[in-house]
Amino acid sequence: MHQETLDFVVATLASIVAAASPLVYAVVGETITEKAGVINLSLDGSIMLSAMAGFATAFMTGSVLLGFVVAALVSMAMALVIAFSSIELRLNQIAIGFVLTLLGANLASFLGRSYVGVRAAGVPHLGIPWLEDLSLRIPKVGSFRFGAIFFDHNLSVYGSFLAILLGYWFVFRTRRGLELQGVGERPEAAHARGLAVNRLRYFYTVLGGALVGLAGAAFSLDVRFGWREGLTTNYGWIALAIVIFGGWHPVRAAAGAYLFGALSVLALKLQPQLPDLSQILPITPFALMIFALLLVSQDWSRRLADRYSRWRRLLSGDPPSAIGTAFWRD
Amino acid sequence: MSVLARSRSAATALLPFALVLVVGVLLLISVSAPPLEVFRLIFQGALGSQAGLSTTLMVWVPLVLAAAGLVVTFTAGLWNIGIEGQIIVGAVAGALVARTVIGPPLLVIPLLILAGAVGGMLWGLLVGVLRVYGRVNEIFGGLGLFFVATGLVVYLVIGPWQRAGSASTSGTDLFRREAWLPRAGGWRFSWVALGLAVALVVGVYLLMRGTRFGLRLRAVGRNGRSAFLMGITTNRHLLAAFALCGALGGLGGALHAAGFHHKLVPAVSGGYGFLGILVVLLAGFRAVWIAPIAFFFAVISVGSTQLQLRLQLHSSLAGVLQGVLVLCALLVGGWQLRRAHLSRRRAEEGG
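Residue numbers (the numbering used here), protein chains in the order written: chain F, 1 to 330; chain G, 1001 to 1351.
If we strip away everything but chain G, and leave its shape as in the complex, we get (with noise of 0.2 angstroms):
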C-alpha cells in the first residue's frame, strides 16, 4: 500500500470518529447543554479516579467477553442476540453457588466462575437446538430465552433469594466474602476477573486464526450448504459456536456478580450484550479490535452516569453516542466499499 493510500485508509477510519463528534455537539446544543462540559465530565468519570478508572475495568469484563463471544458466533454467520439472556444465566448460576457453597475462597470462587460459564452454555446451546432442530431463527429464539431469563431473575430476586427483611428489586443480599473477587490493594476492581478476559480475548483470537476450528467455523458462516458437502458437520458447528459464546457471556455475567455488585441484581447483565454487538460491529467482526473498542464504549457508559448527578443529562447519552458511531462507521464503510467497486467496474468498461 503506498503512503497516500494509507493515510487516506486512516483518514476515512477516523471519519466516523469526526462525525459522532459533529453529530454529538449537535444534540448537547439542541438541548442546550455544553458540549466540552459534557465530553470533559465522561472522560473524567470513567478515567479520572481510582473509583472510576475501577468501575471502567469491571464494565470491559462483561463486555469484552460478550463480545468475544459474539465474534465466535458472527463468524458461524449467526446473530446471537440473546447473548443478553447467557449473561443473566451466568450470573444466576454463579449467584446459585455463592448462596450454596460454603469454604474457602479458594473453592468457592473457581466454582462459582465455573458454574457461571456452565451456565451461560446451556441457555446459548438452547437457542442453538432452538435454531438447528426447531427451525426457530436465532434471534427470536434468543430473545425469546433473554425474557425466560429476565422473569426468573426477577422471581429469585425479589421470591426465594429475597433480602433478608424486605423483598426488592434492588437485589439479593450482599454474598458471603469469600464468595467476593479479591480485589488489588486499594483499587476496586478485582485482577481475576481481568486477568480471565484477558486471557479469554486472546484464546478466542488464537482460536478463530489458527485453529482448524476456526477455519471450518468461517466456512460454515460463508456457506452453510458448500460447508456440509466438503464433508463439515455443520449442525454440530452451530450448536459449537452458541455453546462457546454462551460460555463467555455467562462467564462474564458471574464475574460482573461477585465482583462488581457482590449480588445478584436484575439488571445484572446490564445491556452489555447488546452493547457486545455494537462492539464488534465495530470491529468489523475481527477479534484483534475487540479489547480496545470494548474499552472505549465501557469509558463513554461509565463516565456518562456522571451527566445525570452533574448537568441534568439522561446517562443514555452514552447509548446514542455508542449507536451513531457504529452507524457511522458501518454507512462510512459500505460507501467506500460501493464506490471501490464502481470505479474498478469503469476501469474494466474503459479498458
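Chain F on its own, in the form it takes in the complex (with noise of 0.2 angstroms):
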C-alpha cells in the first residue's frame, strides 16, 4: 500500500458521500412520513418536478437558497396532495401517489424543457476547516485523511447528515417522536391519548415532502448540475424501496442509501472495464436495491432482532403497523 492508494480510497469515499446526499434527503424523509402512517408513493414525480423547479429558480434568481426553497415547497404542495385525499377523502394512498408520480415526471418535462443545457449557480464548496484535515497516521504507508470523507463538501452534503441526525434524535429521543410513532403504529390508541392523529399527520407527510423536496435541489444544484429530461428517472423508486431496507429507521435507510451510492460508483468506475456492458451497468445498482429487499424481507432478520434485543430497533424492519390506512372517529 502507498500514500496514493489510501489517497484513492479516500476520494472514493468522498465521491460516494456526495453522491448519496440526495437519495439520504429522500429516504429520511419517507421514512418520517411512513412513520405516521402515510405512504407517499409518488416520490419519482416529486424528486423530478422539485429538481426541475429548483434549478429553475436558481437559474432566474441566481440565488441557489432560493432553489432549494422553491423545490421543498413544490414537493410540500404533492404532499399535501396525498394527505389531503387519504385523510379527508379517503382515497388510497397508493392510487393517487402513482398517478403524481407519473404527473409530477411529466410535468417537470413539459415546463423544464426551455432549461435544458443552461448553466445555473451550484451549490459553493465549503470544506469545514480542522475537521476536513483530520488524518490517522498508518506507519510506513501514509496518512490516512479520513476528514476529508466527510467535511470536504457543501451545505447540501453537511445537510444531509444532520437529516440523519435531526432524523433519528427526533423520532427515538424526542417525545414528539414517541407521539409520530404512536400516530403510526396505533392511531386509536393515539386517539385515545388525546392526540389530534389527523393534523399529525398532516403535519409530518408535508414535512416528509419537504425533505424529498431537498432531495430534488440536491440533484439538480448540486451532484447532477443541470436539468435534462429524466434527470432523476426511478430515484424516487429506489428511495421508496430503500425505506423499505432501512426498516422505517433514519440510520439505517441512510446507511442504504450510501449502499446504494456505492454501487452506482462501483458500476461507474467498472464501465470502462467491461465494455461490453458499459450500456446496462449504470442500471444494475437499481435492479441489485430491490434485491436487497429479498434478503431483508425474511425471518432471519426478525431473528436476529429478537436475539439482539439491545439493537431491535436497528434490525428489525417491520413497518408501522397503522401504514397505508385511513384513522377516522365517526
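Simulated from the structure, these hints should not be mistaken for lab results.
There could be a bad hint or two in this list.
[What the hints assert, rightly or not] According to the in silico footprint, chain F covers these stretches of chain G (three or more CB under 8 angstroms from chain F):
(1) 1085-1095
(2) 1127-1135
(3) 1234-1244
(4) 1270-1283
(5) 1320-1330
(6) 1344-1350
[Unchecked claim] If you anchor each label on the Cβ, the simulated ranges turn out as follows:
(7) F:F146 x G:T1169: 40 to 50 angstroms
(8) F:F146 x G:G1165: 44 to 54 angstroms
(9) G:R1222 x F:G194: 32 to 42 angstroms
No experiment lies behind these values; they were computed from the predicted model shown.
From the three backbone atoms N, C-alpha and C, an ideal C-beta is built for every residue, glycine too.
Both chains are given apart, each in its own frame, so use the hints to dock them into the complex.
Following this line, the structure appears as C-alpha cells:
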C-alpha cells in the first residue's frame, strides 16, 4: 500500500458520500412520513418536479438558496395532495401517489423544456476547517485523511448528515417523536391519549415532502448540476425501496442510501473495464437494491432482532402497523 | 334512479373532463401556447389521417392489453407496476422467434405471439413468486424485474442482436418480412393485433364477470385471509393473476414489436404499462370501460407527438393531461362518496 492508494480510497468514499446525499434527504423524509402511517408513493415524480423547479428558480433568480426553498415547497404541495386525499377523502394512498408520480415527471419534462442545457450556479464548495484535515497516521504507508470523506463537501452534503442525525434524534429521542410513532402504530390509542391523529399526519406528510423536495434540489443544483429530461428517473422508486430496506429507521435507511451510492460509484468505475456491459451497468444498482429487499424481508432478520434485543430497533424491519390506512372517528 | 339523480351523476362523471380542460388551458396559456390550436392538433394528429389513425390503433393494442391484465391483478388486490417489464420481456421473446424461426408467416406469427405471451407470463409469475414466497411487496419486486428487463433489452440491442454494421440504441435490424403482422390494404395497422386485442378484452370482461375464478379472485382481493379460511387457495390465485396479467402484457409487447416497430427497440414498452394503470384507475377497475378510455389515452399520446414539430411543445403534455384527468376523477369520486357518507350519517342522527 502506498499513499496514493489511501488517497484513492478517501476520494472514492468522499464521492460516495456526495453522490448519496440527495437520496439521504429523500429516505429520511419518507421514513418520517411513513412512520406517521402515510405512504407518499409519489417520490419519483416529486423529486423530478422539485429538481426542475429548484433549478429553474436558481437559474432565473441566481439564488441557489431560493432554488432549494422552491423545490421544497413544490414537493410539500404534492405531499399535501396525498395527505388531503387520504385523510379527508379516504382515497387509496397508493393510487393517488402513483398518479402523482407520472404527473410530476411529465410536468417536469413539459415545463422544464427551456432549461435543458443552460447553466446555473451550484452549491459552492465549503470545506470545514480543521475537520477536513483530520487524518490517521498509518506507519510505513502514509496518512489516511478520513476527514476529507465527510468534511470536504458543501452545505447540501452537510445538510444530509444533519437530516440523518436530526431524524434519528427526533423520532427516537423526543416526546414528539414518540407521538409520531404512536400515530403510525396505533392511531386509536394515540387518539385516546388526546393526540390529533389526522392533524399530525398532515404535518409529518408535508414535513417529509419538504425533505423529498430538498433531494430534488440536491440533484439538480449539486450532484447532477443542471436539468435535463429524466434527470432523476427511478431515484424516487429506489428511495421508497430503501425506506423498506432501512426498516423505517432513519440511520439504517441512510446506510441503505450509502450502499446504493457505493453500488452506483462501483458501476461507474467498472464501465471502462467492461465495455460490453457499459450501457447496462448504470441500471444494475437499481436492480440490486431491489433484490436487497429480498434479504431483509426474510425470517432471519426478525430472529436476529430478537436475539440482540439491544439493537432491536435497528435490526427489525417491521413497518408501522397502521401504514397506508385511514383513521376516522365517526 | 330518478331522472334528476341520473343527470346529476352524469354531470359529476363529466366534471373531471371539465377540470382537465381548465387546467390544460391554464397550463398552455402559462407557456404562451394557443390552447385551442393545441387541442385541435392533438385530435387531428391522432385521428385526422390514415397514418395517424393507424398509429393510434397500434398504440391502443398494447395499452388496452396491459389495462385488461391489470384489471385481473387489481381484482386480486395487487399493484402490478411491473407490467412495464412484462411488456418488454414479451417483446424480447417475440423478437427471439422472429430472429430464429424460419418459415412461412402462418408458422412464424402464431409462434411469435405465443412466445410473447409466455415470456410476459414468466416475468409476471416471477413477481408473484417474489411476493408470495419471498415476501417482497409486488410494487418493488415488479420494479426490480422492470429494471432487469430494461437492462436485458438494452444489452441485446447493442450487443448480440445489434444492427448489422453499427450498434445503436435505435434498435435491431428489421425483422424478416414473414414476421411482420399482416396489414390491411393501404392502412398501416394490423387486423391480427386489433382482433386479438378486442377478443382478449372481451375475454377478460367475461372471466371477471361470469366465472368462479373471477369471483374467487374478487374474494381474495377483498380479504385474502377470510378467502383462505373459506377454502380458496389464496396463493395459487395470486400467482394466477400475475401470470394472466403478465401474459396479456407480454402479448401486447410482442404485437407492438412485430406489428408497429418491426424490430426490437429499447423503448418498446413505451410507458404503456404505467399508462395502463391510469386507464384502469380511471375506469374504476371495471373491464367494460378500459377499451374506450385506452382509446382516448392513445389519441392524446399519439396526437401530442405532433406538438413538438408544430409548436415546439414537449410531447409530455400528453402525460400531464392524462395524469390531471385521473387525479381529478379520483378526487371528485372520493369527494362524492364522502358527501354521501356524511349526509347518510346526518339522516341517521336526525332520525
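Let me make sure I understand: some of the numbered hints might not hold for this structure. Which ones are they, in numerical order? Of the numbered hints, 1, 3 and 6 do not hold.
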